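Q: Sequence:
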Amino acid sequence: MISPVTVAANLAGLLYLARHRAEGEPELEEAARVFLAALEGAPLKIVASPAWLTVNGIRIPSDAPGASAVNEQFLAHRVSRLELRTPPEVGELLTLVRVLSAYPGVHATWDDVRTALGPVAAKGYLAEDRSELTVIHQHEDSALDLTFGSSEEWAGDGLFVEQGGLIPPAVSLSAPDLTRTNVDPPPKREDPAKLERLKTRGHSAIEAEDWDSLLTTAQDFMVAEEEAVSELSSRLYRLELRRLLSTREITEIARLAAVGGRRSEAVSVLSRLGGDATEVLMELLSETEALAERRGYYSALTKMTEGIEVIIHHLDSPMWFVVRNAAELCGEMRLEGSVPELARHLDHADERVRRSIAAAFHKIGTRDALEPLARMLKDPAQSVRMQVIGNLDGVRGRALAMPLMSLLQRELDGDVIREVLNALGRIGTPDALMALRNVATGELKRFDRKLRLQATEALALAGPAARQILQDLSGSRDNELAGTAARLLEEVTT
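Take our numbering: the final residue in the sequence shown is number 1039, and no numbers are missing along the way.
Just so you know, nobody snuck in bad clues.
Simulated pairs of lysine to any residue, SDA-like, Cα-Cα distance not exceeding 25 Å:
(1) K739 - S646
(2) K848 - H858
(3) K923 - D958
(4) K848 - S813
(5) K668 - Y648
(6) K848 - T796
(7) K908 - Q927
(8) K908 - V940
(9) K739 - A647
(10) K739 - M767
(11) K923 - T911
(12) K739 - E810
(13) K908 - M878
(14) K744 - S758
(15) K739 - A773
(16) K923 - D976
(17) K923 - D938
(18) K739 - D657
(19) K908 - D924
(20) K848 - L789
(21) K668 - P632
(22) K908 - N936
(23) K668 - E634
(24) K590 - R564
(25) K908 - E851
(26) K995 - A1031
(27) K668 - R626
(28) K744 - S775
(29) K668 - T640
Label-pair restraints from in silico Cβ distances:
(30) R912 - E1035: 35 to 41 Å
(31) P571 - S862: 40 to 46 Å
(32) V635 - D757: 46 to 52 Å
(33) E896 - L989: 27 to 33 Å
(34) T631 - D755: 51 to 57 Å
(35) D757 - E634: 48 to 54 Å
(36) P975 - G819: 48 to 54 Å
Keep in mind that the hints were calculated from the coordinates and are not lab data. These numbers were taken from a predicted model, which means no experiment stands behind them. Virtual Cβ for every residue (Gly too), placed ideally from N, Cα, C.
Hey, can you work out the whole structure from these sequences and the hints?
A: As structure tokens, then:
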């Protein structure tokens, strides 16, 4: 005999297929046959209540696969019981499943449910839920269905047995205490027609190509999702918004995120649409030539939390500006996972791309990002080397102190040498300060007088840590060097 838990899971699967795979008729029919075959001709009775679901008298844990979905879907259509005394035909089961799988609000009344069932309604497979009582959801072991009952139904241990299952007792309700002043407000109820109204508004806006109205409708979907009284209803709003917006509609909302007065609203909607929206924004960023639009798409992308793999994927684009955009986004969004892909493009033919990669490594700032950044000190383009060196500071730059000192031995460009000297001062480690001292005193003879003075100035960037070296330099026989060191020594001391 199939277990009640399996029955609930199988029925949940049927409801899912009927709702979301409408075009898969053979698949749905086969699933219905499997469901009936598993029953082996035995009777089936499924009872739904706000507290739990029972199958053949056995209470199903709410966390069992499909149990909550089946229970909530029954109650959404005011169905309290599904009873199959004898196995129905496959077609009859499919009719039942299609009616039960409809979205809340499709069948507003019990008469609507019976009308949708057609001739199957006369078979009495479904029973109406007439309860109007509030249900309090407590811990699974103590959840109580607040229905009328009597003490005669109680067993000695506070439980009674129905068809082999242990069921918590019903609770007798007494008259309300009208003297209470702090009466709890009535529970929120779902508007069964709200979802259909939103869908109708959305489709009308799409047909009219009224993208402002579509954006407003999408926002209303989000509000309805947040205000839904159950997780099932919340999921329905989320799902229907995704189904409403194809790539075309997402693209139009993305355009509103780039320019105009509704940018923040559009970004809020896009962030709910996940990777699809991220991909659309990346494509628009790649295609547009207008600077204002580029800034808008870029700004919107930095606020996306899903689909970041799409950004990393664009690092492999054959178009240099697409790779540059992707690299800049990887840095701006601190995408640590992009470091290996960024490192693969250190030899990119366009130095503008390599500059963006260097900037991205700086912003990501992880240990893994420092190794490829050190390799970029050997880049043939002066602008790339300047980008690497110019953003080094005393914390993250310490790991690059030795590569910088090595660069001093071979660098020929005066501007790059000055940036190296300043970077060593900002890093301020003992090795870095000793390298600056060697340049200032002329021990490294390849540097002219101007660069020696620059090294002295760079020492002051280390603050008090350079005090002793500056004091030594203030006694130099070179009057200009000694005067510069004395002035800087006073600055770092005060």
